[in-house]
Amino acid sequence: MTNKNYETVAYYPGCALEGSGQPYNRSTKEVGKALGLKLEEVKNWNCCGAMEVKNIDPEIQTYLSSRVMSIAAHEMGHKAVMAPCNGCYHNLKKAEYDLSHKENSRAVTKRLSEKAGHQTYEAGQIETIHALDWIKDTIGEDGLKARVKNNLKGLKVANYYGCMYTRPRNIFPEKDQGPGSESTSNPHFMDDLLAASGADNVDFALKTACCGGAHTLSDSDTSTRLVSNILQAAEEAGAEVIATECPTCHSGLEMHQIRAEKKFGTKSNVKIVYFTQLIGLALGLSGRKVGIHENISNSTTLLRSKGFK
Amino acid sequence: MAIHEKHLIRPENLATHDNLVIDGVDVSGDWSTFIRTRAVSDYNEDLQVEIAALPGGEYIHRCWQCGSCTNACTVNELNPDFNPRYWIYLIRMGYESELLRDKDIIWQCVSCNKCTSACPRDVVPEGVMKATAHWLELKGHTATSPSTDFDEIFASQVFHKGKIEDGSILTGFMKRSGQPLIQDWLIEMIKGMLRDLPIRFLFNMGWATLFHPKTKNWGKARAAIEEYVAERDEAHRIALKLDKSVDLHGHHN
Ligand code: SF4
Ligand code: SF4
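First to last, the protein sequences are chains A and B.
Mapping to numbering that gives the first Met the number 0: the first sequence position 245 is 244, numbers consecutive.
Mapping to numbering that gives the first Met the number 0: the second sequence position 8 is 7, numbers consecutive.
Any given hint could be a false lead.
Stated by the list, open to error - Straight-line distance between alpha carbons at most 27 Å, and here's what the computed DSSO-like set of lysine-lysine pairs gives:
| no. | chain 1 | residue 1 | chain 2 | residue 2 |
| --- | --- | --- | --- | --- |
| 1 | A | Lys174 | A | Lys144 |
| 2 | B | Lys102 | A | Lys109 |
| 3 | B | Lys219 | B | Lys160 |
| 4 | B | Lys215 | A | Lys42 |
| 5 | A | Lys114 | B | Lys215 |
| 6 | B | Lys213 | A | Lys109 |
| 7 | A | Lys78 | B | Lys102 |
| 8 | B | Lys240 | A | Lys114 |
| 9 | B | Lys219 | A | Lys28 |
| 10 | B | Lys215 | A | Lys37 |
| 11 | A | Lys37 | B | Lys219 |
| 12 | B | Lys215 | A | Lys28 |
| 13 | A | Lys174 | A | Lys3 |
| 14 | A | Lys109 | A | Lys42 |
| 15 | B | Lys240 | A | Lys42 |
| 16 | B | Lys162 | A | Lys109 |
| 17 | A | Lys28 | B | Lys138 |
| 18 | B | Lys160 | A | Lys109 |
| 19 | B | Lys219 | A | Lys101 |
| 20 | A | Lys42 | B | Lys213 |
| 21 | A | Lys42 | B | Lys102 |
| 22 | B | Lys219 | A | Lys42 |
| 23 | B | Lys215 | A | Lys109 |
| 24 | A | Lys114 | B | Lys138 |
| 25 | A | Lys78 | B | Lys162 |
| 26 | A | Lys114 | B | Lys102 |
| 27 | A | Lys114 | A | Lys174 |
| 28 | B | Lys213 | A | Lys37 |
| 29 | A | Lys114 | B | Lys213 |
Since the hints were derived computationally from the structure, they do not count as laboratory data.
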C-alpha cells in the first residue's frame, strides 16, 4: 500500500554524502534507478548547517536549510525534497518547524535571503522527506517484495536509526500519527523495507540510541563507549549486520568499532552497511554497484557467504 | 531508570569529633558527626539572564524541575554527575559557585536531544547545555572546549564556502585542538580503507587537493551571514558584559 507518490523528487545529498558517505550516495542513486524513481539534485546546494552551526547561531542554520528548500521549491519547482542524511533531513525539518512557529526565524531568514539574492523560503512551500519515506511511500513493502530478485533471507539485521531521525518529536508532525505512520519511540520504516526484502530483522533495543556523533572527534572516548554499547547490543541480539540510514552514524560506528578494539580491547564482528546497500543487493545489484567495497567495515566476505556478489 | 541525583552533603562538610561533650553530655561515638551549616551568599542574580541570552538558552525559564531530561540523558548514563536538571536549577537560582564545580563536563552533551523530546515544558535542555558551556568559556571559567573548537572550524568553513569537506575539517580540528593527526586508531582505519581504494581515501580526506567543494556565487550569502554574526556577537558581548579583549569565537586559557 502506498499513500504518497515521490516518483520525482529534488535530491539533497549534503556534504557528508560527497565525502565519507560516498557509498550511501552511490547506493541511494542506484536503488532509485532500479526502482524507476527520479532524483534531481538540488542545484548549487549548500551545507544545511549540520550539528555545528546551530551552536554558533540557530537562525543561521535555519537560513542555510531554507536556502536549499528555496532552490528546490522555487528554482526547480519541486513539491518534495529528499535527504538521505539524518542531519540534513533533521535540519530541513527543524527549519520548516521554526519558520512556521517563530517570528524571529522568519525575520532572519528573510533578511539573509534578500541580501544573498534569492527568494525567501516560507513554511509549507516544499515537503522534506527521508530516503526511508521515499521508498516506503512510493514503492511500499508490496512493491518492493515484487521487485526483489535476490532475497536477503538468512541475513540477520539490526536496524539502527540514531537520534536525528526521530528527535525532538515536535519537528516531525507527521510521525506518531497511528497505523502506517513512522514512530518516534520505535521507528520501523527501515525494518519494514528490509523485511520486505527478505531480511531477518533482530529485536534490537538500541535503535534510537545515540552514537555520540556530535563528539566523534572532540570527545572520542565518549563516542567510543556509546558506539560499543550499540555494537554489543546488536551482537547480543544475534545481528550479523547493522543497517544504517545516516552517514554520520554509519562512519561513527565504523570508526569507533576500530577505536574500541584499539583503545579498549573490545572487539566486535558485526558489519555496518547502509540500508540502501542492502535493498540494492536484494534488487539484484552487485556489491560493487552499491559501494560495499567502499565501506570501511568490511562486509564482503559475509555477504559473499550469503550468496551476494 | 532511576535518577541518581547528586548528594548535597559533601564529605568536606561533615564534621566528626572523636570526643565531644555538649552541654555537659558526652555525645562521642554515634552522635559525633555533624553537618556544617551551609549558607550560600554569593548568588549571581544575572546568571539565568546571561545564559538565556546565548543561543539555545532562551527557554530556560520554563523549567519546572521534573527531571525528565536527566532521566533520559545519554551522558548521564555514562556519568551520573552529568545532570541537566540540576544545572538548570543552579542557573535559575544563581548558584554560580555550585555550577562551576561541574564546569569541565557540561560541554560533553552529545546533542542527542533525548532531553528535548522528553521535556514537558519545551525548555530545549540540549540548547541550555550548549549555552551554558559557551557561557563558561566566554566568562573565562574554562578554556575553549574541543567541541566549540570543532563547531568554530566547521561553521567558518560553511560561512566561507557554503559547503564543508569532511577531510579538511578533520585535519583542521586536530591542528586546532593540538592533537597529532596520526592516531593509532586512525591508522588502523586508514589501513582498512586502503584495502580497496587508496585513491578514493586520499581524495575523501582532503589530503589530495584535487577538489574543494564549494557553493557557487556564495559571496553575497557569506557577507550577509558575517554581518549577522557580527551583530549577534555584539549583542552577546553586551548581555554578558564582556570587554573587547574576549574573543567570541574561541580563546585558549
Ligand atoms: S525535562 Fe524540562 S521541565 Fe523537566 S527538569 Fe528537564 S528542563 Fe526542566
Ligand atoms: S542532548 Fe545532551 S543533555 Fe540532552 S539528553 Fe542528550 S546528552 Fe543529555
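Verification of the supplied hints:
1. Lys174(A) / Lys144(A): The given pair, whose Cα atoms are some 24 Å apart, holds under the 27 Å limit.
2. Lys102(B) / Lys109(A): Status violated; Cα separation ~37 Å.
3. Lys219(B) / Lys160(B): Within the cut-off at roughly 11 Å; holds.
4. Lys215(B) / Lys42(A): holds (10 Å)
5. Lys114(A) / Lys215(B): Given that 27 Å is the threshold and the Cα spacing comes to 16 Å, the pair holds.
6. Lys213(B) / Lys109(A): Judged against 27 Å, a Cα distance of about 23 Å means the pair holds.
7. Lys78(A) / Lys102(B): violated (47 Å)
8. Lys240(B) / Lys114(A): violated (30 Å)
9. Lys219(B) / Lys28(A): Answer violated: Lys219(B) to Lys28(A) is near 32 Å, above 27 Å.
10. Lys215(B) / Lys37(A): With a Cα-Cα distance of about 24 Å, the restraint between Lys215(B) and Lys37(A) holds, given a limit of 27 Å.
11. Lys37(A) / Lys219(B): violated (32 Å)
12. Lys215(B) / Lys28(A): Between Lys215(B) and Lys28(A) the Cα gap is close to 24 Å, so the pair holds against 27 Å.
13. Lys174(A) / Lys3(A): Roughly 15 Å between the alpha carbons, so the hint for Lys174(A) and Lys3(A) holds.
14. Lys109(A) / Lys42(A): holds (20 Å)
15. Lys240(B) / Lys42(A): Violated. Lys240(B) to Lys42(A) sits at ~43 Å, over the 27 Å cutoff.
16. Lys162(B) / Lys109(A): holds (21 Å)
17. Lys28(A) / Lys138(B): violated (48 Å)
18. Lys160(B) / Lys109(A): holds (21 Å)
19. Lys219(B) / Lys101(A): holds (25 Å)
20. Lys42(A) / Lys213(B): holds (12 Å)
21. Lys42(A) / Lys102(B): violated (44 Å)
22. Lys219(B) / Lys42(A): holds (17 Å)
23. Lys215(B) / Lys109(A): With Cα atoms ~20 Å apart, Lys215(B) and Lys109(A) stay inside 27 Å; holds.
24. Lys114(A) / Lys138(B): violated (33 Å)
25. Lys78(A) / Lys162(B): holds (24 Å)
26. Lys114(A) / Lys102(B): violated (39 Å)
27. Lys114(A) / Lys174(A): It is violated: about 35 Å lies between the C-alpha atoms, which goes past 27 Å.
28. Lys213(B) / Lys37(A): holds (25 Å)
29. Lys114(A) / Lys213(B): Between Lys114(A) and Lys213(B) the Cα gap is close to 19 Å, so the pair holds against 27 Å.
Of the hints listed earlier, those the structure fails to meet are numbers 2, 7, 8, 9, 11, 15, 17, 21, 24, 26, 27, in rising order.
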